[in-house]
Amino acid sequence: MKSILEGEGEFGKDFADKLFLCNLCEHCTSVCTTGISLDRFWEVARAEARNRGFLPEPARFVLESVKSRGDIMWMGSADRLLWMEDIEEIVRNRILKPAKVAYFLGCNVSLKSQLHEVAKSMVKIMEYAEVDYTLLADKEVCCGAPLGWAGNFEGINDMATKNLELIKSLGVETVVFSCPSCIQTWSEYSKLLKEENSLELLTTSQFISRLVSEGNLKFEEQPMVTVTYHDPCISARVLKATEEPREIIEEIPGVYNVEMTPSKQSTRCCGGHGLLDTVDPVLSSRIAEMRLRDATVTPASRIITECPRCILAFDLAKFTTGYDTTVQDITQLVGESLSSKSGGVDEGS
Amino acid sequence: VKVDEMRIGDIVGADNVSVKHETCMIYSKDVTSLPELVYQIISPKFDVITQPVDVPSLQNLVWYATDNNIPLVPRGNGTSGWGGAIPARGGICVDLSNMSKILYFNEFEQAITVESGITWRDLLSFLGRLGFTLPVYPSSATAATVGGFVASGGLGIGSTRHGDIMKQVLGIEAVLPNGKIVRLGRVLLDEQSDTLQTKVDEGNEWLAEELTAVGLGTPEQEKKLITGTYGTLGIITKVTLSTIPNLQLIPFACSFDSITDLVNAAAKIVEECQPYYLRFLADNYTSKLRALDGKESEKGKFILTGALLDTIYQNEENIDRIQFITKEADGLALDDDRAWFYWDERLFPLRIKRHGPSLVPAEMLAPLDKIPEIHEETKAELRKSKVAIEGTLSNDGTTSFMVWILDDERKSVSFTIGWHRSFRIAALAEKFGGLPYAVGLWNGRHSKKFYGSGAFEELTIMKKRLDPENLMNPVKVFGGRVSAGRVSSSLGFLTGFFVALFLGWVGPSLLGWNWLAQLLNSIPVAVFPVPILLWISLVGGIVGLSVIRLMTLNQALFIGIPFLRILSKILRK
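Residue numbers (the working numbering), protein chains in the order written: chain A, 1 to 349; chain B, 1 to 573.
The set of hints was computed from the structure by calculation and includes no laboratory data.
Any given hint could be a false lead.
DSSO-like cross-link-like pairs, simulated, lysine-lysine; straight-line CA separation at most 27 Å [what the hints assert, rightly or not]:
1. A/Lys18 with B/Lys199
2. B/Lys449 with B/Lys224
3. A/Lys124 with A/Lys67
4. A/Lys318 with B/Lys101
5. A/Lys13 with B/Lys29
6. B/Lys45 with A/Lys18
7. B/Lys379 with B/Lys167
8. B/Lys449 with B/Lys370
Computed list of chain B residues with no C-beta within reach of chain A, every gap over 10 Å [to be verified]:
9. His21
10. Leu34
11. Phe126
12. Thr142
13. Asn246
14. Asp293
15. Arg351
16. Asn395
17. Phe498
18. Gln518
19. Leu538
Cβ coordinates follow ideal geometry from the N, Cα and C atoms, glycine included.
For reference, chain B alone in the conformation it holds in the complex (with noise of 0.2 Å):
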């Protein structure tokens, strides 16, 4: 892709531009670490790398993008490891962090309004000043930005008690791909500080116009466009978040000899108790923890913990019975200490990290019950790897179910063919009427199931609508074509080749075509004594080559997933 640097800093800010080399590096990674093959089939980094401050800014750049036909990608801290914020196909990635104030907060609406690029760890200790907490936010809270968890969808704490952050998004003000700013649901403003009243209107007006063309347009629908879909129909600029009084919380946390005992147990405490927030550490997960050395009750057990969030006479009720059902449970009720340990660790989850150092995420939406079968399945299947487990529980009888993959990168052939072992899960997933846990770049094939195919439907008809270039966030959540590199290119070009020069060579005197063979090693032109069969074989490269740069990521990956896992029978890895 071509970018104009000095055209893009006059949009966004001089400062606020890059295309050094290592910046667009650090830029085009998230929190997982992929192998190099992968980048045989998306690009290894963006081309510029922006940090727009305010909306008439971003919308420049999106008219800018659209008119010179480049890939944007928005991003917020890249804490997610579904690959939604690395780029696909280059372009321009555009890091919404610096555009992270508190713009409108009102107690009696209960309900905060911010820029999305605000982390969700300012944002909490802002409220927490006033008395206030959120429902929901993500364990990643330390750095993960507003923008990022409500583009992508998922359960954090608080999820047992409130469900998704879906639930909790009020409103939200976007970036449509054709640069148009629109505002869905109710976006909480000071009206004498909104300066962007007459754009929204017009956005707002000629999005219903299009919606209502296609037979959609409930809000409902309108929402859900945004929400959830990685970016890939706008740039989230504004979110207004409800919010809860901080009333007493009280964490508490169980350790359990077996993962039975412990559903067992979480099932209870969900359904008599509904705490705030309820997460489950498995014994590999706990086995890992440096902290937990010398603490023969928790290291190597299998720990549910949590915090109750309300008044201080219901909590009190709370805790006895939460220490009831544990004891029933053949559990044992750690002491406060140990639960304010627990609840401290909920933003660092990845502290097990040191044992890689490389992580591959695999996670997926489970029904609790099903959970120790999961448990038990997922450590046959990945026997062979080191993998720590853990999930939070949702307010619907879910819960995800998150594995580490714990690798190492340096190691370039084993850990290239054990990436595919992330995909076993989301497959295990199917198995047990689950779902994966995201979509983002890497689980595109299963939108679909994710969004039901009724909602995926009408997204895909308004992702043509809105952006029928396909330019915001490309080849996510949709799928869409890869970038070939080289080497993939080059083993297209040699497949095509080869296959065409056997098939020639082989073909004809296994039907017993004669005429056809010595027509093949005939010389059609004199002046290249070249066989016909072989400029077949170069017209079969051409074509080997043409498909591969024809493919879509989906299909890439339908190829490569069992190409890997039959390479890793053989090999033992």
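Chain A extracted, bound-state conformation (with noise of 0.2 Å):
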């Protein structure tokens, strides 16, 4: 890399791309022996490509959407109401109620339908354990991850501050992300958290299984589900989020959790990561594929995930292998098994 900047080979459009068929999964750095962060590295080398003028068309597009639309597909802040129909009177009250908590939905969870249970899963599970919550709906932007990805770090910050300031304009203590993605932009480049470090930020795991352990979720008998969790390269590399989402599956009675190899912070990446799903979708279907393999050959009947961009993903490659299984978010196995409130009601008197 550093022979190529000083012009011994040459940094051409070519080479640009290269720099773009990358996950950005965090796997480099999580085994290299130096201890060096190279996705960093990688995310440099992506902004000097940018720079040169090199950018891939996809990535522009993303670049131009964040900058005009506020989201990564060029759609609009009215278009973050969508995935609340069939439930606008339960979140009506919710939508900048100051509260403790705030639910960040995210770009893909907002914006693409066939993630909307996702969103109305988690609200469940909030209305379940009557959590004081607030939504930010049409006012949420995108959270600047994909503006690092494609070589833009300036950007980043005035993105999450526009989000922080609302939120900590509604008093939140406690943030909780649908994408894994947003966390770890934020904690990394967001200056207003630099400064005051008062907001904890969660991964709907982390968060559920707060819950549970308070004993604010009760689960009713599943009918022997097993399932295998897949663990996004960022909640597990990074945010090392590997055990919660398991002692959430080891609550609900009758699901099993059968691990994939490999797992946890080794765990392999959906390709969906790090803009690899617009720049080469076919490279990021065929990663995907070989991750849906590893749990082909397990004998659970359900993936379950916590991250958009692993569902989309294997959605793609469910489709490119024919192979049927369904994909999950840990918030829709949760939502699903929880018992009704008037039969834990009844249970308690």
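Both chains come to you apart, so use the hints to assemble them.
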């Protein structure tokens, strides 16, 4: 890389395109015996590609979209309300309501219809546990993570600040994210968070695990479901949240987790991270197929994960491989396993 | 080397081949940095990178390379520093990391068969879930491949109880330099899914005949052919390794003020407790670990750390014993948290790299009791360099003594001059009855001593029979001709030219042969007004150039290293 920057090799379009064929899955960082943060290195190299005007077209589109629309897929703030269909009555009073907990959906969960169930399940869980929560709804904007992946570090802090100022104004103490990359981005690039570190950033599984241990969630016996938990790269390798989802699955009666190889911090990426799914969807899908094969050799009938990108990647791989399995977010599994509230109350009384 | 990318793409799959400059550059390096000058004697990069996904396509690739006289270099993940996986004459890089399946595991036989490109970390995590672990794995387990470590040999985690990796290899499958597939030792596979059996039978039969023809062929000799020879006699495709039950693991760590105390304690611990793993970190290593900032009892001290892997009762007894031995040797036993810290750090030995930022490794295998002396001598020898020393103990009374020389490759002159220091450590090993730790590319001069002269002779015979053109990982282990770069070629020519010129000029007058001086000054061809002396100098130049072209790597190092040493003395680097 150094010799190419120094002109020994050619830093052309071809080389720049290659820099974008990386998932930024943190695997190389986790196995590096020298402990160098190689992912940041790749991001810096991408920034160099951008400076030299060699940004691949899909990455350019994402940058433009985040800049002008506030999301990664050229939609608009009003579209961030679409997921609330059918549950308007429940969430109406939650929008921008001052509360202790904020639920940050992220672009994928807010805007992609196949992921709306994830948000609905999370709302169901928080309602069940009587959590004092708030939603940013159409005021939510992209967390800024895709900017870093596309080599634009300068923009990340602005995007994070837009969200964080709103969150702080609502008196929030804990932010729960459906997408682990948002947490990583804010922790690393938000000046506001670095200056006053009073906010707690949690993945859904970390939050749900807390609700479970506090006794706020009660589960119904499930009819012998065998699942396998896929650790999203950022949750496992950066946030080290590998035990919480497993503890949750363990708590649900009738649901059993079998491990894939590799798993936990050695997990294999789904192929959907770091803009790879937009820059080279075929390569991305091939990586997802590899991970799907890891799941097929287990007896599990369901893959559980906690990252919307993984769900999307597996959906594509299911299509390309013809392998039929259910892929769910951990919130969906928890949401559908909750025992009926009245039953719980009866038991209690 | 002329390579046909399309043809190779047909063999290994179009997605699994690349001739791009940057890809070739990345695959042409291993964990160390080399000075630019080195590329005057070895080629700077491969011509093509391939990633075969199965044995038949690898076999076809070997056939293609043999037919076209192209060198082949097998590569795991390049985590070694001995040059075993870097190009010496360009050619095809065979990256095996795409062949990484676990093929067979039987807990009753305590054996597992894997493809050679799987990383040790993946293998460990698979076994860990089933309640097993490996008797030996390398400290670079996070990235190193099974094939790479088996092909280069050495000590690792677990060696203090189980010795070097070779003892844990039950069997291997390899593609020989002529494309035959052989299985040596016990390669355990599920018979129903084994599609290569016919080819293997044919290959094994052929190899047996070849070995018998030269009076070799005991199973022991057979296995040694491919393991530990850096893929010079074949590319390893499958390995069957022994496994052990994952009993209770208890790490421990103690700190000492002197290396002598540490060695005394280590010798006793090995003898009385047979720990699974024992490693020492010298004061110059611990003083560079950032994670030890503020830890007065550890930073800048000598640390002995390791782990017990045994039953709960045995471990309880041994932990008490270790604490007693440590106290007796004036050491300080560290608490559990610190012990786990060092256990986790076992896979990150290069954390000191930031003090370089370049690393030049130098390592030897030496008797444990000589370590204090070797340590002193090394420090004296390398007093002008930044070094970090560590080592792993084996079960046979020896230990690896690893010297990381920290340097900065961006300062090209001092880095080039300083590069020879790693060779001085190999010379130190000789003085203290040790051996160089590994051979690879750079220690080819010590091959005979490393393998034992009898075994090396056998290997040389087989290399000639199996690979007469020296295409399989050329120059490694057995040495061979270098690929001369422009600078070294010009240097050879100029040296030859000026030596001839000088001799022709001064020689006759010294000898008092005036007739010769007159003859040399005469102009034989009137059209070109050039005296004979210059013609002779030109011939001298061509001879000089030919010498460079015909020179072997070992000869080049034999001349080059003392030259660098003299330069370093003059420049006081």
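Hints and how they fare:
no.	hint	verdict
1	A/Lys18 with B/Lys199	violated, 39 Å
2	B/Lys449 with B/Lys224	holds, 15 Å
3	A/Lys124 with A/Lys67	violated, 32 Å
4	A/Lys318 with B/Lys101	holds, 22 Å
5	A/Lys13 with B/Lys29	holds, 24 Å
6	B/Lys45 with A/Lys18	holds, 19 Å
7	B/Lys379 with B/Lys167	violated, 33 Å
8	B/Lys449 with B/Lys370	holds, 19 Å
9	His21	violated, 5 Å
10	Leu34	holds, 13 Å
11	Phe126	violated, 5 Å
12	Thr142	violated, 4 Å
13	Asn246	holds, 15 Å
14	Asp293	holds, 15 Å
15	Arg351	violated, 5 Å
16	Asn395	holds, 24 Å
17	Phe498	holds, 32 Å
18	Gln518	holds, 53 Å
19	Leu538	holds, 34 Å
When each numbered hint is compared with the structure, violations occur for hints 1, 3, 7, 9, 11, 12, 15.
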